[in-house]
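A.B. asks: Residues per chain are reported as follows:
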Amino acid sequence: MPRETAAISVGADDVAIAIARHAKVAGDNIELIRNGSWGATWLEPLVEVAVDDQRIAYGNVEASNIPGLFTAGFLSGGEHAKRIGPTVEIPYLINQDRWTFWRCGLIDPLSIDDFRAHHGFKALEKALDIGAQSVIDAVKDSGLRGRGGAGFPTGIKWQTVADVQSEQKYIACNADEGDSGTFSDRILMEGDPLGLIESMAIAGFAVGADRGYIYLRSEYPLTHRILSRAIEVARDNGWLGDDIQGSGFDFDIELHLGAGSYVCGEETAMLESLEGKPGIVRYKPPLPAFEGLFGQPTVVNNVVTLASVANIVNIGSEKYASFGVDRSKGTLAFQLAGNIKRGGLVEKGFGITLREVIEDWGGGTASGRPVKAVQVGGPLGAYLPAEQLDTPLTYEAFIEIGAMVGHGGIVVFDDTADMALQARFAMEFCSIESCGKCTPCRIGSTRGAEVIDKIVAGENRDENLELLVELCDTMEDASLCAMGGMTPYPVRSVLKHFAGDFSSAGSADA
Amino acid sequence: MTATAYDKQVASEIIARFDARGEMLVQILQAFIERFAWIPEDAVRQLADELNLSRAEVHGVVSYYHDFRTTPPGKRIVKICQAEACQAMGSRELSAHAEKSLGVAMNASNADITLEPVYCLGNCACSPAVMVDGKTYGRVSRQQFDDIVATSGDAS
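Quick mapping for you: the protein sequence lines, in order, are chains A and B. Heads up, the first sequence is in the numbering used here, so the first residue is 1343 and it goes up one at a time. Heads up, the second sequence is in the numbering used here, so the first residue is 358 and it goes up one at a time.
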């Protein structure tokens, strides 16, 4: 029974309580384990019953179903309308390439024994054995690129920090997962927090850092509780702290909370926030690899990037790089969200098309209406029309069509969506979240929303459309970071693919 | 989450828990929010004193982050996600419904309720999402919204 935000948000706690109560009354002796989520979110609350070494899944269970389930003998896998069958046979899960998320759903996230029984800390032991440079080489050879959105080669970043001479270096894990439509960091931190801790320790060992920070957004209170506890568990068992397992390697992690600022997901704004300051972006250079947290060399990586490392060390870079295509190596955890029938997390090698993910996994829209637009890569990502659904999900193919894969979030809209409203929202969101340091972002976003209002109202339409394009140029060329620099992406994509929605009619049926 | 009177002694204890380190200011303010639900002007003065920062520096941090509200909230804090995934599932309509049924505008409070926008709760596969007193709800219909707000206490 998952103890995970999405599952609980649709009643998992109530179901767990009902099961415990009912078992007590019925005199059934059960052990109730709160695992992470498998990521088949559309089936939540998903109850699994272990019967003879097999886990039988029951999906979309409500507390009111529990008496009936007991009557149906679900403790021994009995037949019931909610019964799906063995978890290992659910097509949504078995057709994935689950390398980074493989423990999510499988194990008790806070049990060190369960973690150890599933290769936990094996990669750290191996890293300590093969040495720092071999770890960095493995990460380089794997082709791993930053999964937070920017796609920078992770191994090169690590090498840079490793090569800088400094008394103090840091690992800063970016867990400020602010993009709408993304939740893979959260699912990982709730389902396999020790896996993240292990990978951070490996990163620390590789570059010569003895201190790590996790910057977690405050919108994830349950994640905060689970991660805090996991850090304690790791410390209590000698996997964090001084002289880890007698290896002579020291590494510890401090967990920091954000405070509701989207731009703090930008790496330098995050570093400012970690230093207790307003999350205002820094000029680059210097890069954080040279002067990062408190002015020291710092590896800044996203949660999924870091968590991929333990597995790369375990299975080898060659195996990892055998997934994916071109310079998009390995797997990405795609997240199906918005108006989608079967939303959830799908870890798959790069190169699968958007259509395959949305149709084969997602089953189309939740409303049953045609797909009108898909926003990939968060609020700064382009809106793609249905005609572009056959684009393969790779960094390269998306750049080619003026879009980005980003953190792998896929938000589906049906044909009732008013895309002019979505373009306006992109500008409005930027004006709300801009840190204010650079003018194109701070002022441009406000003016952008105003201009879109005028266009929709039919006021000097042609001139204002031209003005909007000019404004987009300015924001793209002159903003300090991706906030202002990429807000034009969704706006331009609407201008290009959904221009009809800018007519004063509004446009749901244009 | 109920706003409680600001208590300098309690505030001092929280600051001490973070070793009065200036770089922990965001963390200390989060702890204040958890304890008092808002950041009064007295807190800004005290933080400046005890962390050896200027009041402008503390004010700069308080005013920068959305979480650090400077007016006392209502007894319950209701946040409705306004980001794209939830928009695709009717969060605009849900927000309009909430404003009407609660009698509070977005970004406003009365004694009972504070209604705030939030930009993503990471529950995008269960849109639209709502958070009430720190607890996240998914697949929220208008009817469910009314039920959640009616039944949730201010425990957390």
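Among the clues, some could well be false.
Label-pair restraints from in silico Cβ distances [what the hints assert, rightly or not]:
no.: 1; chain 1: B; residue 1: Thr427; chain 2: A; residue 2: Ala1392; range: 42 to 52 Å
no.: 2; chain 1: A; residue 1: Gln1510; chain 2: B; residue 2: Arg374; range: 37 to 47 Å
no.: 3; chain 1: A; residue 1: Asp1471; chain 2: B; residue 2: Ala507; range: 50 to 60 Å
no.: 4; chain 1: A; residue 1: Asn1656; chain 2: B; residue 2: Lys365; range: 51 to 61 Å
no.: 5; chain 1: B; residue 1: Ala507; chain 2: A; residue 2: Val1506; range: 55 to 65 Å
no.: 6; chain 1: A; residue 1: Glu1738; chain 2: B; residue 2: Lys365; range: 34 to 44 Å
no.: 7; chain 1: B; residue 1: Glu450; chain 2: A; residue 2: Ile1741; range: 52 to 62 Å
no.: 8; chain 1: B; residue 1: Lys365; chain 2: A; residue 2: Ile1375; range: 36 to 46 Å
no.: 9; chain 1: A; residue 1: Phe1636; chain 2: B; residue 2: Arg412; range: 16 to 26 Å
It should be emphasised that the hints constitute simulated quantities derived from the structure, not laboratory data. Just so you know, even glycine gets a beta-carbon here, dropped at the ideal spot from N, CA and C.
A.B. asks: It remains to establish, for every hint, whether it holds in the given structure.
C.D. replies: Status of each hint after checking the structure:
1. Thr427/B / Ala1392/A: 42 to 52 Å: Since threonine 427/B and alanine 1392/A have Cβ atoms about 51 Å apart, the given range 42 to 52 Å holds.
2. Gln1510/A / Arg374/B: 37 to 47 Å: Between glutamine 1510/A and arginine 374/B, where Cβ atoms are some 24 Å apart, the hint is violated.
3. Asp1471/A / Ala507/B: 50 to 60 Å: 59 Å, holds
4. Asn1656/A / Lys365/B: 51 to 61 Å: 52 Å, holds
5. Ala507/B / Val1506/A: 55 to 65 Å: 57 Å, holds
6. Glu1738/A / Lys365/B: 34 to 44 Å: 58 Å, violated
7. Glu450/B / Ile1741/A: 52 to 62 Å: 35 Å, violated
8. Lys365/B / Ile1375/A: 36 to 46 Å: This hint holds: roughly 45 Å between Cβ atoms.
9. Phe1636/A / Arg412/B: 16 to 26 Å: 23 Å, holds
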